[in-house]
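Colleague: Letter by letter, the chains look like this.
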Amino acid sequence: AQKITQTQPGMFVQEKEAVTLDCTYDTSDPSYGLFWYKQPSSGEMIFLIYQGSYDQQNATEGRYSLNFQKARKSANLVISASQLGDSAMYFCAMREGEYGNKLVFGAGTILRVKS
Amino acid sequence: GAGVSQSPSNKVTEKGKDVELRCDPISGHTALYWYRQSLGQGLEFLIYFQGNSAPDKSGLPSDRFSAERTGGSVSTLTIQRTQQEDSAVYLCASSFLAGAGTDTQYFGPGTRLTVL
Numbered sequence: 127a128q129k130i131t132q133t134q135p136g137m138f139v140q141e142k143e144a145v146t147l148d149c150t151y152d153t154s155d156p157s158y159g160l161f162w163y164k165q166p167s168s169g170e171m172i173f174l175i176y177q178g179s180y181d182q183q184n185a186t187e188g189r190y191s192l193n194f195q196k197a198r199k200s201a202n203l204v205i206s207a208s209q210l211g212d213s214a215m216y217f218c219a220m221r222e223g224e225y226g227n228k229l230v231f232g233a234g235t236i237l238r239v240k241s
Numbered sequence: 231g232a233g234v235s236q237s238p239s240n241k242v243t244e245k246g247k248d249v250e251l252r253c254d255p256i257s258g259h260t261a262l263y264w265y266r267q268s269l270g271q272g273l274e275f276l277i278y279f280q281g282n283s284a285p286d287k288s289g290l291p292s293d294r295f296s297a298e299r300t301g302g303s304v305s306t307l308t309i310q311r312t313q314q315e316d317s318a319v320y321l322c323a324s325s326f327l328a329g330a331g332t333d334t335q336y337f338g339p340g341t342r343l344t345v346l
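Chains as they are written, first to last, in the working numbering: chain A, 127 to 241; chain B, 231 to 346.
Treat the hints as calculated values from the structure; they're not laboratory data. Idealized CB from N, CA, C, for every residue including glycine. Be careful, since some hints might not be right.
Said to hold, decoys possible - Part of the chain A face toward chain B, derived, beta carbon under 7 Å: (1) 169; (2) 173; (3) 228; (4) 233.
Stated by the list, open to error - Simulated pairs of lysine to any residue, SDA-like, Cα-Cα distance not exceeding 20 Å: (5) 129/A <-> 200/A; (6) 129/A <-> 167/A; (7) 129/A <-> 317/B; (8) 129/A <-> 268/B.
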């Protein structure tokens, strides 16, 4: 069974608009972490935001926020005020357990920001 | 400070040859991970080192793949008798393992391996 599902292969957004990238996950471990990474065409994997399974508040980092709905097992990334430089592949990933474990990645979503 | 570094950035080899890929983690990070990114398989975990503990090798696809980490720092991923299906970008990551909490993995730029 897929542990991380990203249902949107590609998305377009107008510059300065907000966009939501979907991620659902599957785990029976009560302790886990959810991560979003950005991979521009240059290939580097850039950490964006983290949400722990016990966190009460949705994570935010600048223009990035994570819409964490634990009961639905979803962890959608919201990018506000999109910029041309946001065009990239975005990966949702999960680590099962408190820490020190591999990441399982989704297939990714390609985001294109239009001017 | 310096991020995760990997070398070489690109490697082209002939089928059947052995290759070594190197990863230098962020200073002070005790955990080191290798992943592979290929078109057909996406991002896959290969192996994980944590301090002096036995590595988690559960992601290695065959016994042609091996890795070591010397002195708790630099790691080398070795692929013996390379096959064309080994062509991929090999990514290394490291994390601090500060205990419960974020334990974010930071990635290097990757090594693009092409097997002809």
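Colleague: Is it true that the CA of residue 129/A sits at most 20 Å from the CA of residue 317/B?
Modeller: 25 Å, violated
Colleague: With a cut-off of 20 Å on the C-alpha distance, tell me whether residue 129/A and residue 200/A pass.
Modeller: With Cα atoms ~11 Å apart, residue 129/A and residue 200/A stay inside 20 Å; holds.
Colleague: Taking 7 Å as the limit, does the beta-carbon of residue 233/A come near enough to a beta-carbon in chain B?
Modeller: Hint holds; residue 233/A Cβ to chain B Cβ min 5 Å, cut 7 Å.
Colleague: Quick one, are residue 129/A and residue 167/A close enough, alpha carbons at most 20 Å?
Modeller: With a Cα-Cα distance of about 25 Å, the restraint between residue 129/A and residue 167/A is violated, given a limit of 20 Å.
Colleague: Holds or violated: residue 228/A as interface residue toward chain B, Cβ cutoff 7 Å?
Modeller: Nearest chain B Cβ about 4 Å off; hint holds.
Colleague: Would the stated hint for residue 173/A survive a check requiring a Cβ distance to chain B of less than 7 Å?
Modeller: With a closest approach of 5 Å, the residue 173/A hint holds.
Colleague: Holds or violated: residue 129/A and residue 268/B, Cα atoms, limit 20 Å.
Modeller: With Cα atoms ~18 Å apart, residue 129/A and residue 268/B stay inside 20 Å; holds.
Colleague: Let me know if the C-beta of residue 169/A comes in closer than 7 Å to any C-beta of chain B, holds or violated.
Modeller: Holds. Min distance 6 Å.
Hints 6, 7, counting from the list given before, are not met by this structure.
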